[in-house]
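Visitor: Sequence lines, in order, name chains W and L.
Sequential numbering of the first sequence, starting at 3, is according to our numbering.
Sequential numbering of the second sequence, starting at 258, is according to our numbering.
Hints are supplied without guarantee of correctness; some may be wrong.
Stated by the list, open to error - Computed list of lysine to any residue pairs in SDA-like fashion (alpha-carbon distance at most 20 Å, straight line):
| id | chain 1 | residue 1 | chain 2 | residue 2 |
| --- | --- | --- | --- | --- |
| 1 | L | K320 | W | E99 |
| 2 | L | K326 | W | G44 |
| 3 | L | K299 | W | T109 |
| 4 | L | K336 | L | L268 |
| 5 | L | K299 | W | D40 |
| 6 | L | K299 | W | L13 |
| 7 | W | K11 | L | G298 |
| 8 | W | K72 | W | F57 |
As the list claims (entries may be wrong) - Cβ pair distances, simulated, as ranges:
| id | chain 1 | residue 1 | chain 2 | residue 2 | range |
| --- | --- | --- | --- | --- | --- |
| 9 | W | D61 | L | P297 | 17 to 27 Å |
| 10 | W | K85 | L | Q271 | 36 to 46 Å |
| 11 | W | S75 | L | E317 | 30 to 40 Å |
Bear in mind the hints are in silico, worked out from the structure with no lab data behind them.
All residues carry an ideal CB built from backbone N, CA and C; glycine is no exception.
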Amino acid sequence: DGGITQSPKYLFRKEGQNVTLSCEQNLNHDAMYWYRQDPGQGLRLIYYSQIVNDFQKGDIAEGYSVSREKKESFPLTVTSAQKNPTAFYLCASGNTEAFFGQGTRLTVV
Amino acid sequence: EDQVTQSPEALRLQEGESSSLNCSYTVSGLRGLFWYRQDPGKGPEFLFTLYSAGEEKEKERLKATLTKKESFLHITAPKPEDSATYLCAVQALLHNYGQNFVFGPGTRLSVLP
Numbered sequence: 003d004g005g006i007t008q009s010p011k012y013l014f015r016k017e018g019q020n021v022t023l024s025c026e027q028n029l030n031h032d033a034m035y036w037y038r039q040d041p042g043q044g045l046r047l048i049y050y051s052q053i054v055n056d057f058q059k060g061d062i063a064e065g066y067s068v069s070r071e072k073k074e075s076f077p078l079t080v081t082s083a084q085k086n087p088t089a090f091y092l093c094a095s096g097n098t099e100a101f102f103g104q105g106t107r108l109t110v111v
Numbered sequence: 258e259d260q261v262t263q264s265p266e267a268l269r270l271q272e273g274e275s276s277s278l279n280c281s282y283t284v285s286g287l288r289g290l291f292w293y294r295q296d297p298g299k300g301p302e303f304l305f306t307l308y309s310a311g312e313e314k315e316k317e318r319l320k321a322t323l324t325k326k327e328s329f330l331h332i333t334a335p336k337p338e339d340s341a342t343y344l345c346a347v348q349a350l351l352h353n354y355g356q357n358f359v360f361g362p363g364t365r366l367s368v369l370p
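Using the sequences and the hints, build the whole thing.
Guide: Structure follows, in structure tokens:
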């Protein structure tokens with residue numbers, strides 16, 4: 003089946019720990035995006051990539067890092083520098099419409 | 258600054274009671290306006306794309322319309338399974354290159370049987 007796969011569905015992070023969220027797509031899209039969703043707020047852009055080996059910061063990139071070594075994959079690392087990482091993280095791909103994965107809920111413990 | 262607002266924040270309808278959701282936007286270089294449906298704990302599901310004022314799209318009980326400043330999502334004779342948060346987004350040109358999707362906060366729709 004074509005689509006976007008995010009893993010894990012739930013993730014728990016300890017203070018001072020880096021964690022990586024996976025995002026894979028088999029839709030042959032050039033563009034991929036990472037968004038953060040907090041209750042009562044719209045989706046906010048963290049990073050985006052228009053092409054392999056290139057990516058750009060979005061509105062809230064501080065404390066996050068990404069890589070785009072393959073067209074299909076766009077992993078997001080939440081570093082210890084991100085002070086409030088508890089949120090619902092959504093990966094999307096698409097050159098016109100954006101299609102979303104099912105999300106990863108990250109909680110700091 | 259590109260911005261999307263949605264109203265109402267929450268809407269409660271009886272089954273069969275038609276209504277409309279509003280999405281107002283300000284954006285430089287609009288490429289498209291999108292509607293999504295999001296169920297709790299899930300990723301947004303794509304519904305419609307609208308590109309120009311006057312355009313309309315329909316899917317089952319949903320119809321989306323677009324003007325130069327806003328879009329409406331009309332829900333005709335809703336059923337309880339239509340309960341979800343409906344997100345509006347605009348595709349805007351980014352200042353460096355490429356494009357971004359700017360999302361509104363959503364309207365939380367509850368349809369009571």
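Visitor: Does the alpha-carbon distance linking K72(W) and F57(W) stay inside the 20 Å limit?
Guide: 12 Å, holds
Visitor: Checking one constraint from the list: CA of K299(L) to CA of D40(W), max 20 Å. Satisfied?
Guide: 13 Å, holds
Visitor: Do S75(W) and E317(L) keep their Cβ atoms within the hinted range of 30 to 40 Å?
Guide: Because 35 Å falls inside the window, the suggested range holds.
Visitor: Check the hint pairing K320(L) with E99(W) against an upper bound of 20 Å on the C-alpha distance.
Guide: It holds: about 18 Å lies between the C-alpha atoms, which stays within 20 Å.
Visitor: Are K326(L) and G44(W) close enough, with their CA atoms no more than 20 Å apart?
Guide: Between K326(L) and G44(W) the Cα gap is close to 19 Å, so the pair holds against 20 Å.
Visitor: Do the beta carbons of D61(W) and P297(L) sit within 17 to 27 Å of each other?
Guide: 25 Å, holds
Visitor: Given the hint that K299(L) pairs with T109(W), does the C-alpha gap stay at or below 20 Å?
Guide: Given that 20 Å is the threshold and the Cα spacing comes to 16 Å, the pair holds.
Visitor: Measure nothing beyond the straight line between the CA atoms of K336(L) and L268(L); if it is 20 Å or shorter, mark the hint as holding.
Guide: Satisfied, since the Cα-Cα distance of roughly 14 Å is no more than 20 Å.
Visitor: Holds or violated: are the alpha carbons of K299(L) and L13(W) at most 20 Å from each other?
Guide: 15 Å, holds
Visitor: Does the Cβ pair K85(W), Q271(L) satisfy 36 to 46 Å?
Guide: Given a distance of about 44 Å, which is inside 36 to 46 Å, the answer is holds.
Visitor: Quick one, are K11(W) and G298(L) close enough, alpha carbons at most 20 Å?
Guide: 10 Å, holds
In the structure shown, no violation is registered for any of the earlier numbered hints.
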